[in-house]
Structure formats: C-alpha cells, structure tokens
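Engineer: Sequence:
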Amino acid sequence: MFINELSPIFREFTQHPVSFVGGFFSGVLRLNLADDPVKSWLDKQIRSNSYTSNTTDAHNGKATGPQQISID
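Every letter in the sequence shown is one number past the one before it in my numbering, and letter 13, counting from 1, is 13.
Derived from the structure by calculation, the hints contain no laboratory data.
Where a beta carbon is used, it is the ideal one built from N, C-alpha and C, also for glycine.
Pairwise CB distance ranges (calculated):
id, residue 1, residue 2, range
1, PRO66, SER40, 26 to 32 Å
2, ILE71, LEU33, 33 to 39 Å
3, LYS39, THR14, 27 to 33 Å
4, ILE46, PRO66, 21 to 27 Å
5, ILE69, TRP41, 36 to 42 Å
Put together the whole structure using the sequences plus the hints.
Structural biologist: Shown next, in the form of structure tokens:
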C-alpha cells in the first residue's frame, strides 16, 4: 500500500532524473525560482535548449490564448 502511494514519485524520477533531483533540492533548500541567481541560471538553460521553442507552439497555429471548444 505504501509503495502505491510512492509510485508516481519513482516514475517521475526514472523519466526525468535531473529535473527531479533539481526540483527536490530546490525544495529542500527552499530556493525561490524568482530570485536573481536561480532565475538567471534558469533563463540561460532555457535559451540554450533550442528544441523547446518548437514544442511550445500548438500544431494548429492557434497558441495565442485560451481556445473555445464545444462538446456534443
């Protein structure tokens, strides 16, 4: 029963180990991601990843805001 509660944590750790450990330590050390040293480092990391700019846009070209859908 205890293993079932921890399985999402282990799944995230195995899928994205670097992100998980970074988030874990920032939580343990109570680092604020909006503070200058952490924020500037995160900005550099985001700019260095060129693949993220292609994945943020929707495939239909309508990624400018909320979309309205109708469900029948």
